[in-house]
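Novice: Single-letter residue listing:
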Amino acid sequence: MTYKKLKRIDLIFHEDCDCSQVLEKTFRKSNDEIINDILESGLKGRGGAGFPTGLKWKFTAEQPSGDRFVICNADEGEPGTFKDREILFKVPSKVFSGMAVCAKVIGAKKGYIYLRGEYRFLLPQLTKALDVFHKEIKDLLDFEIIIQMGSGAYICGEESALFESMEGKRGEPRNKPPYPTVAGFMNKPTVINNVETLVYAFMICKHGPTRFKELGTSDSRGSKVFSVSGDTPIAGIYELELGMSLDHFVEEFGDGDTKAVQVGGAAGFCVPRKKFKDTIIGFEGVPTGGSMKVFNSSRSMYNVLHNYLEFFEEESCGQCTPCRVGCQQLIKGIEAVKKGEQKAAYLDQLMKLSETMKLASKCGLGQSVANSFSSIVDNFREEMIY
Amino acid sequence: MPEVQELVKSLADKYGRKRENLLHILQGIVEQERYLSDVALTEVARELDLSAAQVYGTATFYTFLDTEPRGKYVIRVCRTISCDMKGKNRIIQAIEDALKVRLGETTQNNKFTLLETNCMGWCHEGPAMLINDQAYTNLTEEKVIEIINDYAKNK
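Just so you know, the protein sequences line up as chains A and B, in that order. Each residue of the first sequence is one higher than the one before, counting from 1 in this note's numbering. Each residue of the second sequence is one higher than the one before, counting from 387 in this note's numbering.
In short, the hints are calculated from the structure, not lab data. Bear in mind the structure is a predicted one, so any value in this text is a computation, not a measurement. One or more hints might be untrue.
Here chain B is said to cover these stretches of chain A; the calculated rule only asks that three of the stretch's residues, wherever they fall, bring their Cβ under 8 Å from a Cβ of chain B [unchecked claim]:
#1 109 to 122
#2 161 to 169
#3 219 to 232
#4 298 to 309
#5 312 to 320
The beta carbon of each residue, even a glycine, is placed where N, CA and C say it ideally should be.
Generate coordinates for the entire structure from the input sequences, incorporating the hints supplied.
Specialist: This is the structure in structure tokens:
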């Protein structure tokens with residue numbers, strides 16, 4: 001197995017560059033050239049799902065003429081993820097500029113930032129930065145960015161739920177297809193990218209695709225911003241090269257007594273100590289939207305799982321049965337096993353239920369509950385029982 | 387309640403009367419009134435020509451669009467894993483003792499409501515809480531009492 005050593009990178013937060021100058025230079029290129037640069041860089045979406053950014057832009061650009069939108073997904077709600085807040089706080093103009101490049105390529109005149117309600121305190125300073133940005137690009141591009149606030153719903157980070165919410169409805173995910181590139185916000189072709197993805201797209205425009213492509217592995221190009229929390233002496237936000245082994249990560253961030261790392265938040269995977277060496281952080285291994293939660297041996301993994309399931313039970317939109325009822329039954333189930341009201345073998349039935357949720361749920365939320373459930377129960381079964 | 391009617395009308399004038407303006411209007415009401423009363427919700431439905439069920443259904447989907455009366459300051463303590471590991475229960479206990487309320491309740495003078503909330507993106511600086519829009523992090527029992535006292539006296 002090949003993996004990279006842990007390496008800190010300073011691409012995203014490094015100086016707030018003269019964005020309009022970079023935009024001016026970028027806009028001298030044709031739209032195809034810009035898309036090719038993004039494709040060439042190998043950039044994949046940084047929200048967690050990892051769809052190639054260049055393709056998203058290309059598919060939207062190819063739609064028949066008419067209104068189209070670029071949306072920045074700043075509904076950062078995955079437990080353990082807080083990097084988008086830092087990006088919006090420190091380098092907002094890079095986010096706006098990434099949106100502007102996308103807008104030019106796909107022909108959008110309007111862009112939206114969907115900002116989670118919990119980050120409302122950022123609004124005054126973002127609005128101010130946006131005013132400056134609009135003045136700067138006035139002669140370059142006919143493009144306006146509007147900030148829309150969320151109101152405390154994890155599921156609205158799912159792209160189609162986000163569109164529903166922006167349209168003034170309950171944030172319930174839609175069936176796919178059609179995909180956003182064909183019918184997104186207001187049923188118009190829409191590019192929706194994570195905050196971090198937009199900044200990387202802009203940095204690729206600034207430096208060219210090679211500098212980005214040289215980092216990471218063939219499946220996971222570039223670097224990524226990680227949110228590190230839990231039992232670590234140095235919790236915080238770090239930009240790291242993709243493709244490192246979890247072993248190296250724990251060496252750097254653990255407290256010397258790490259028993260497990262939850263990679264990718266509540267919707268992600270729990271990796272126990274014995275698998276650190278063979279686990280690569282990246283799309284070829286365990287992917288993450290940035291959340292890295294470290295647990296030491298003083299932690300009860302039952303409590304961790306219980307906390308996650310409570311989270312999912314409350315944040316499930318309730319639209320489809322596998323997710324709504326599944327989350328409730330998983331909580332009830334592990335509580336019953338813990339209390340001795342059910343035999344340990346009942347956990348196997350719950351595993352089957354979580355598999356059903358993975359297959360039958362409508363959106364990523366219901367589908368990913370099984371990730372944390374099965375990886376925690378699989379690896380820490382005895383902690384679920386005793 | 388003519389004030390609510392006026393508020394709804396002014397928000398509808400500001401944001402528009404289409405379905406996609408609904409959330410803005412509901413958010414605007416909560417900002418002013420701290421919650422969405424039945425009167426406010428039916429008024430919004432009338433103003434936007436939607437059914438009351440559509441408006442109520444949308445409002446109740448969102449945690450921050452409260453449909454029960456709330457105090458002037460809504461305290462939301464994060465309950466998700468990192469803040470839980472860092473001792474959010476002690477923080478809640480300290481606030482409960484200071485304000486003489488339980489989780490979910492509002493003080494008699496309608497100044498504070500104490501709630502829990504899901505991950506609010508401060509896992510590296512937990513325990514964390516929001517008071518209305520403002521985030522407070524790295525909380526200790528002493529620190530949280532100081533913050534609450536400051537709100538009680540000065541705001």
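Novice: All the hints need checking, so say for each whether the structure fits it.
Specialist: Tested hints:
1. Counting residues of the segment 109 to 122 of chain A whose C-beta lies closer than 8 Å to any C-beta of chain B gives 6; at least three are required, and the coverage claim holds.
2. Given a C-beta distance limit of less than 8 Å, the hint that chain B covers the segment 161 to 169 of chain A holds, as 5 residues qualify and 3 suffice.
3. Coverage of the segment 219 to 232 of chain A by chain B holds. Counting CB-CB distances below 8 Å, 5 residues qualify, and the rule asks for three or more.
4. Judged by the Cβ-Cβ criterion of 8 Å, the segment 298 to 309 of chain A is covered by chain B as claimed, because 5 of its residues qualify and three suffice.
5. With a threshold of 8 Å between beta carbons, the proposed coverage of the segment 312 to 320 of chain A by chain B holds, since 3 of its residues qualify and at least three are required.
The structure meets every hint from the earlier list without exception.
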